[in-house]
Amino acid sequence: AQKVTQAQTEISVVEKEDVTLDCVYETRDTTYYLFWYKQPPSGELVFLIRRNSFDEQNEISGRYSWNFQKSTSSFNFTITASQVVDSAVYFCALSEAGGSEKLVFGKGMKLTVNP
Amino acid sequence: GAVVSQHPSRVICKSGTSVKIECRSLDFQATTMFWYRQFPKKSLMLMATSNEGSKATYEQGVEKDKFLINHASLTLSTLTVTSAHPEDSSFYICSAKTGTGVGNTIYFGEGSWLTVV
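One line per chain: the protein sequences are A and B, in this order. The opening residue of the first sequence carries number 7 in the working numbering; numbering runs sequentially from there. The opening residue of the second sequence carries number -6 in the working numbering; numbering runs sequentially from there.
By construction, these hints were calculated from the structure, which means they are not laboratory data. We treat Cβ as the ideally placed atom computed from N, Cα and C, and that holds for glycine. You may find that some hints are simply not true.
Far from chain B, some chain A residues (derived; all Cβ distances over 10 angstroms) [said to hold, decoys possible]: (1) Q14; (2) E21; (3) V30; (4) S48; (5) G49; (6) S71; (7) Q75; (8) T84; (9) I85; (10) V91; (11) S101; (12) E107; (13) V110; (14) L117; (15) N120.
Derived lysine to any residue pairs resembling SDA-like cross-links, with alpha carbons at most 20 angstroms apart [unchecked claim]: (16) K113(A) <-> K35(B); (17) K108(A) <-> S11(B); (18) K116(A) <-> S8(B); (19) K34(B) <-> T86(A).
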């Protein structure tokens, strides 16, 4: 069965601090996809990244970066120089291969960035 | 701008009534849409997979007669909560996949807050 674990439930930082959100996943599939979504208080889910299981390259997008390590089944997300607007709940998710792509979500991690 | 739109964003209904939530894909056709439910401060749980032109596939434990899903066109899926009860109050969010292949991007709607009183 597929499972996503976000061990941290809530983190509070001060603006400009760097923060890393952990994500560990379990799957028996050899082909799968990993996602990060941001959910601000308004509720919508904002897509941040999708990574397939064959691409272990780290990715950087502005202040965001992702570290994918298959050896430890982790897909961690780092926000550099955090801002108040980064305050949200962040979800890591895993999808099975085969085209159906139902997402299994972690429990989410609430990030609060204080000014 | 949003590529998947949900309506209504908030709805309050009385116990025993039915309420319909729409999920529309904008600018693309979605043969597959997904409906999730999120309780306050909890994660999202998949309820069902909505397939255009065929019956929805429900996850274990989800009552298909209570949560009716219709995917009548390539851009619209509807979720109807029948005979709603207060415990059905939740945040319902849909997603749609661009294309039919593997690895297509999945976009989520804005979500719909349902309160049953």
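Hints, one by one, checked against the model:
1. Q14: Holds, since 14 angstroms exceeds 10 angstroms.
2. E21: The claim stands: E21(A) keeps its Cβ more than 10 angstroms from every Cβ of chain B (closest is about 24 angstroms).
3. V30: 15 angstroms, holds
4. S48: 8 angstroms, violated
5. G49: 4 angstroms, violated
6. S71: 20 angstroms, holds
7. Q75: 20 angstroms, holds
8. T84: Consistent with the label, T84(A) stays out of reach of chain B, its closest Cβ about 21 angstroms off (over 10 angstroms).
9. I85: Given a closest Cβ separation of 20 angstroms, the condition holds.
10. V91: The claim holds: V91(A) sits with its nearest Cβ about 18 angstroms from chain B, beyond 10 angstroms.
11. S101: 8 angstroms, violated
12. E107: Violated, because the least Cβ-Cβ distance between E107(A) and chain B comes to about 6 angstroms, which does not exceed 10 angstroms.
13. V110: The claim is violated: V110(A) sits with its nearest Cβ about 8 angstroms from chain B, within 10 angstroms.
14. L117: Its Cβ never comes within 10 angstroms of chain B, the nearest being 14 angstroms, so this holds.
15. N120: 20 angstroms, holds
16. K113(A) <-> K35(B): Holds: K113(A) and K35(B) sit about 6 angstroms apart, inside 20 angstroms.
17. K108(A) <-> S11(B): Roughly 26 angstroms separates the two Cα atoms, so the pair is violated.
18. K116(A) <-> S8(B): The given pair, whose Cα atoms are some 32 angstroms apart, is violated under the 20 angstroms limit.
19. K34(B) <-> T86(A): Since the Cα atoms of K34(B) and T86(A) sit roughly 25 angstroms apart, the hinted pair is violated (cutoff 20 angstroms).
Going down the numbered hints, you'll see the structure goes against 4, 5, 11, 12, 13, 17, 18, 19, while the others check out.
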